[in-house]
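K.L.:
Now for the letters of each chain:
Number of protein chains: 4
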Amino acid sequence: MTLDLGAARTIVAAARDHGRRADLNALTVVVLDAGGHVVAAEREDGASIKRFEIAFGKAHGALALGMGSRSLMARAEQQAYFITAATFAAGGALVPVPGGVLILDQDDATVGAVGISGDTSDADEAACIAGIEASGFTPKAD
Amino acid sequence: MTLDLGAARTIVAAARDHGRRADLNALTVVVLDAGGHVVAAEREDGASIKRFEIAFGKAHGALALGMGSRSLMARAEQQAYFITAATFAAGGALVPVPGGVLILDQDDATVGAVGISGDTSDADEAACIAGIEASGFTPKAD
Amino acid sequence: MTLDLGAARTIVAAARDHGRRADLNALTVVVLDAGGHVVAAEREDGASIKRFEIAFGKAHGALALGMGSRSLMARAEQQAYFITAATFAAGGALVPVPGGVLILDQDDATVGAVGISGDTSDADEAACIAGIEASGFTPKAD
Amino acid sequence: MTLDLGAARTIVAAARDHGRRADLNALTVVVLDAGGHVVAAEREDGASIKRFEIAFGKAHGALALGMGSRSLMARAEQQAYFITAATFAAGGALVPVPGGVLILDQDDATVGAVGISGDTSDADEAACIAGIEASGFTPKAD
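Chains as they are written, first to last, in the numbering used here: chain A, 2 to 143; chain B, 2 to 143; chain C, 2 to 143; chain D, 2 to 143.
Check before you lean on any hint, since a few could be wrong.
Since the list gives no way to pick out one identical chain from another, each pair is judged satisfied if it fits inside one copy or across any two copies.
[Claimed, not checked] Subject to a maximum C-alpha distance of 25 Å in a straight line, what follows is the list of computed DMTMM-like cross-link-like pairs (lysine to aspartate or glutamate):
# : residue 1 : residue 2
1 : Lys141    : Asp5
2 : Lys141    : Asp24
3 : Lys141    : Asp18
4 : Lys141    : Glu54
Calculated directly from the structure, the hints in this document are not laboratory data.
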C-alpha cells in the first residue's frame with residue numbers, strides 16, 4: 002500500500018481541520034512519502050516564514066531514523082551530540098521535537114510521515130495524528 | 002494585496018486541472034509567497050522524487066531575479082556562467098527553464114511565484130499560467 | 002503596509018543614534034523585509050568582521066519562527082537541541098540571543114525584522130527597539 | 002588608508018543618485034571592506050529578493066581574485082570551468098559579470114569593493130564607478 006496524493010491531501014485537510022476545531026495557531030503541514038520527498042504541503046495564513054522547513058525537518062527526521070520525532074526528542078535529551086551528528090549526516094533536516102509522525106499501513110510498513118509546526122509541539126503532534134487517522138493509515142508518534 | 006493560502010490552493014487546483022485536461026504527465030506544483038517561502042505544494046502520483054525541488058527552483062529563481070524562468074533560460078543560453086553564479090548566490094535553488102511564473106497583483110507588484118515540473122517546460126509553463134489566471138492574479142512568464 | 006527602504010534607513014539611523022547617545026560599542030545594524038531579505042545594513046567602524054552575519058542571524062531567526070530573538074534564547078535555554086535543529090532547518094542563520102526584533106505594522110502584521118550586534122545582547126535589543134520606534138512601526142522583542 | 006562607514010555611505014548614496022539620474026531600474030548596492038565583509042548595503046524599492054546576494058557576489062568575486070568583475074566575465078568566457086571552480090573555492094559568492102568594482106586608495110592598495118545589481122551589467126558597473134569616484138577613492142572595474 003502506498004501513500005498517494007489523494008491520501009496526502011486527506012491528511013493535510015484533516016490535520017488543518019483539527020487545528021481549527023482546537024483553536025491552534027496557524028499550522029504548516031507537510032506530508033512526505035517513504036523516501037522523504039514532498040507529496041503535499043500547506044502553510045496557513047499568518048505562519049512565520051520557515052515553518053515549512055521546520056515541519057519538513059520533523060517529518061524527515063522521523064523517516065531518517067524510523068521513529069516519530071517524539072522519540073528523537075527523548076534521544077536528544079539523553080545524547081544531544083548524537084542528534085546533532087545525525088542532523089549533519091541526514092543533510093540538515095531533522096527537528097527532534099514532537100510533531101513528526103510516521104504513517105504506517107495495515108502491515109506496519111512505513112509509507113511516509115507528516116510534519117506539523119505552528120503551535121506547541123504536543124498540539125502539532127495531535128494534529129498529525131488526527132490527519133493520519135482520517136486517511137485510514139496508522140500514526141506512529143514515538 | 003497578498004497571496005493567501007486560499008489563492009495558492011486555487012492556483013494548485015487549476016494548474017492540476019489544466020494538466021489533466023491537456024493530458025500532461027504527472028505534475029508537481031509549488032506556490033511561493035513574495036519572499037520565496039512555500040505556501041502550498043502538491044505532487045501528482047507517478048512523479049519522480051525530486052520534482053518538488055525542481056518546481057521550487059523554477060519559482061524561486063523567478064523571484065530571485067524578478068523575471069519568469071523563461072527569461073532565466075534566455076540568459077542561460079547567452080551567459081551560462083552568470084546563471085551558474087546566480088544559482089550559487091541564490092543558495093542553490095534556481096532552475097532556468099520555463100515553468101516558473103511570477104504572480105502579479107493588479108498594481109503589477111509581485112506577490113509570489115508558481116513553479117511546475119513534470120511535462121515539457123512549455124507545458125509546465127502553460128499549467129502555471131492557467132493556475133494563476135484562475136486565481137484572479139496576473140501571470141508573468143518571462 | 003510594507004517596509005520600504007526609506008523606513009529601513011530611518012531604523013538604521015535611529016538605532017545608531019541610540020548607540021552613540023548610550024555610548025555603546027560599534028554596532029552593526031541589519032534590516033530585513035518580511036521574507037528575510039536584506040533591505041539595508043550598516044557596520045560601524047571598529048566592529049569585528051562577522052557582525053553582519055550575527056546581526057543578520059538574529060533578525061532572520063526572529064522571522065523564521067515568528068518571535069523576537071529573546072524568545073529564541075528562552076527556548077534555547079530549555080531545549081538547546083531544538084534551536085540547533087531549527088538553525089539547520091532555517092539554513093544556518095538563526096542567532097538565539099536578544100537583538101533580533103520583529104517589526105509590526107498597525108495591524109500587528111510582521112513587515113520585517115531588525116538585527117543588531119556589537120554590544121551586550123540587551124543593549125543591542127534596546128537599539129533595535131529605538132530604531133523601530135523612530136520609524137513609526139511597533140517592535141516585538143520576544 | 003581604510004574604507005570607513007562614512008566613505009561606504011558616500012559610495013552608496015552617490016551610486017544610487019547616479020541610478021536615479023540615469024533612470025536605472027531599482028538598484029541594490031553593497032560595499033565590502035578589504036576582507037570581503039559587509040560595511041553598508043541598501044536595496045531600492047521594487048528590487049527582486051536575491052539582489053543583495055547577487056551584488057555581494059560581484060563585489061566578493063572581485064576581491065576574491067583581485068580584479069573587477071568585468072575581468073571575471075572575460076575569464077568566464079574563456080574558461081567557464083575555472084570560474085565555476087573558483088566560485089566553489091570561494092564559498093559560492095562570485096558573480097562574474099560587470100558591476101563588481103574594486104576600491105583603490107592613492108597607493109593603489111585595495112581597500113574594498115562595491116557590487117551593484119538591478120539594471121544591465123554595464124549600467125550597474127557605471128553606478129559603482131560613480132559611487133567610488135564620489136568618495137575620493139579610485140575604481141578598478143577590470
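K.L.:
With reference to the structure, classify each hint as holding or not holding.
P.N.:
Structure-based check of each hint:
For the homomeric pair Lys141 and Asp5, the shortest alpha-carbon distances inside one copy (19 Å) and between copies (23 Å) are both at most 25 Å. For the homomeric pair Lys141 and Asp24, the shortest alpha-carbon distances inside one copy (24 Å) and between copies (23 Å) are both at most 25 Å. Taking the closest pair of Cα atoms, Lys141 and Asp18 come within 25 Å of each other only inside a single copy of the chain (20 Å); across copies the shortest separation is 30 Å, beyond that limit. Within a single copy, Lys141 and Glu54 get their C-alpha atoms as close as 21 Å, and across copies as close as 23 Å, so both meet the 25 Å cut-off.
Violated hints for the displayed structure: none, as all numbered hints are satisfied.
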